[in-house]
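Line order of the protein sequences matches chains A and B. For our numbering, add 6 to where a residue sits in the first sequence, where the first one is 1. For our numbering, add 2 to where a residue sits in the second sequence, where the first one is 1.
Hints were generated in silico from the structure; no laboratory data involved. Treat the hints loosely; a few may be bogus.
To be verified - Calculated from the model, a selection of chain B residues having no Cβ within reach of chain A, i.e. all distances over 10 Å:
hint, residue
1, GLY5
2, THR7
3, THR15
4, GLN27
5, ASN30
6, LEU45
7, VAL54
8, SER71
9, LEU77
10, GLU81
11, SER82
12, VAL90
13, GLN104
14, THR113
15, VAL114
To be verified - Below, simulated PhoX-like cross-link-like pairs (lysine-lysine); rule was C-alpha separation at most 25 Å, straight line:
hint, chain 1, residue 1, chain 2, residue 2
16, A, LYS74, A, LYS60
17, A, LYS74, A, LYS59
18, A, LYS102, A, LYS60
19, A, LYS74, A, LYS102
20, B, LYS59, A, LYS59
21, B, LYS72, B, LYS59
22, B, LYS55, A, LYS102
23, A, LYS102, B, LYS72
24, B, LYS55, B, LYS72
Unchecked claim - Label-pair ranges, simulated between beta-carbon atoms:
hint, chain 1, residue 1, chain 2, residue 2, range
25, A, SER36, B, SER85, 22 to 30 Å
26, A, PRO115, B, SER85, 38 to 46 Å
27, B, SER85, A, GLU9, 26 to 34 Å
28, A, SER32, B, LYS59, 19 to 27 Å
29, B, THR19, A, GLY22, 48 to 56 Å
All residues carry an ideal CB built from backbone N, CA and C; glycine is no exception.
The primary structure of each chain is shown beneath.
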Amino acid sequence: KNEVEQSPQNLTAQEGEFITINCSYSVGISALHWLQQHPGGGIVSLFMLSSGKKKHGRLIATINIQEKHSSLHITASHPRDSAVYICAVRVSGAQKLVFGQGTRLTINP
Amino acid sequence: DAGITQSPRHKVTETGTPVTLRCHQTENHRYMYWYRQDPGHGLRLIHYSYGVKDTDKGEVSDGYSVSRSKTEDFLLTLESATSSQTSVYFCAISESGPMSEQFFGPGTRLTVL
Chain A
7 KNEVEQSPQN LTAQEGEFIT INCSYSVGIS ALHWLQQHPG GGIVSLFMLS SGKKKHGRLI
67 ATINIQEKHS SLHITASHPR DSAVYICAVR VSGAQKLVFG QGTRLTINP
Chain B
3 DAGITQSPRH KVTETGTPVT LRCHQTENHR YMYWYRQDPG HGLRLIHYSY GVKDTDKGEV
63 SDGYSVSRSK TEDFLLTLES ATSSQTSVYF CAISESGPMS EQFFGPGTRL TVL
């Protein structure tokens, strides 16, 4: 079993819909990252959080440390949000990140 | 955008040949990482560096070596490439390790025939 599990693996929605991508992990962590990988392959860091909630534009990331769960929400989704979204955790005491397999999001106009 | 470049961006080589990939940064970040990305797997850490001449292994380090003689450059070498090393390789940097944001390079697509 992977230490970091994302769901769903694939998600297709219509423009304007509210999107939720989930990340669950089975280890103790000190931080969680959300990344976006564009269709062209480039990877961009969206958020790094260790508690609570962060918001940037239409993107919101939340984390519940006790439940070992994080969500990434996209409000008013747009076709340009189509990408693979990757969750990664820093395992407590470790110097590296462990990555989920990603969620492929497609937003249709 | 963080100043990270990778070279080459694409390479096709034959089994048994040595290959070196270069990651160059202009941000003066202390940490540098090499990952590989394969279908069905998330990004997996090959090696990382926490300073000049300071490196450590990741989860998939077999068959790979690294060197960092300058802050700005982190080299990944496949001593004798195998077909299982066909992958997309990403370099990343961060200012202070996994507790800080990571910035990724554009990736290198390597094909080993």
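Okay, the hints, checked on the actual structure:
1. GLY5: B:GLY5 clear of chain A: closest Cβ-Cβ about 14 Å, beyond 10 Å.
2. THR7: holds (13 Å)
3. THR15: holds (20 Å)
4. GLN27: holds (15 Å)
5. ASN30: Given a closest Cβ separation of 18 Å, the condition holds.
6. LEU45: At about 4 Å from chain A, B:LEU45 fails to clear the 10 Å cut-off, so the statement is violated.
7. VAL54: holds (17 Å)
8. SER71: holds (21 Å)
9. LEU77: Per Cβ check, B:LEU77 is outside 10 Å of chain A; nearest 19 Å; holds.
10. GLU81: At about 23 Å from chain A, B:GLU81 clears the 10 Å cut-off, so the statement holds.
11. SER82: At about 26 Å from chain A, B:SER82 clears the 10 Å cut-off, so the statement holds.
12. VAL90: violated (7 Å)
13. GLN104: Nearest chain A Cβ is 6 Å from B:GLN104, so the label is violated.
14. THR113: With a cut-off of 10 Å, B:THR113 remains clear of chain A, as the shortest Cβ separation is near 15 Å.
15. VAL114: Given that every Cβ of chain A is farther than 10 Å from that of B:VAL114, nearest at about 19 Å, it holds.
16. A:LYS74 x A:LYS60: Within the cut-off at roughly 17 Å; holds.
17. A:LYS74 x A:LYS59: Cα-Cα ~14 Å, so holds.
18. A:LYS102 x A:LYS60: holds (22 Å)
19. A:LYS74 x A:LYS102: Distance ~18 Å between A:LYS74 and A:LYS102 Cα, so the pair holds.
20. B:LYS59 x A:LYS59: Not satisfied, since the Cα-Cα distance of roughly 33 Å exceeds 25 Å.
21. B:LYS72 x B:LYS59: Satisfied, since the Cα-Cα distance of roughly 19 Å is no more than 25 Å.
22. B:LYS55 x A:LYS102: holds (18 Å)
23. A:LYS102 x B:LYS72: Holds, at roughly 21 Å.
24. B:LYS55 x B:LYS72: holds (8 Å)
25. A:SER36 x B:SER85: 22 to 30 Å: violated (37 Å)
26. A:PRO115 x B:SER85: 38 to 46 Å: Hint holds: Cβ distance 40 Å, inside 38 to 46 Å.
27. B:SER85 x A:GLU9: 26 to 34 Å: holds (28 Å)
28. A:SER32 x B:LYS59: 19 to 27 Å: holds (23 Å)
29. B:THR19 x A:GLY22: 48 to 56 Å: holds (51 Å)
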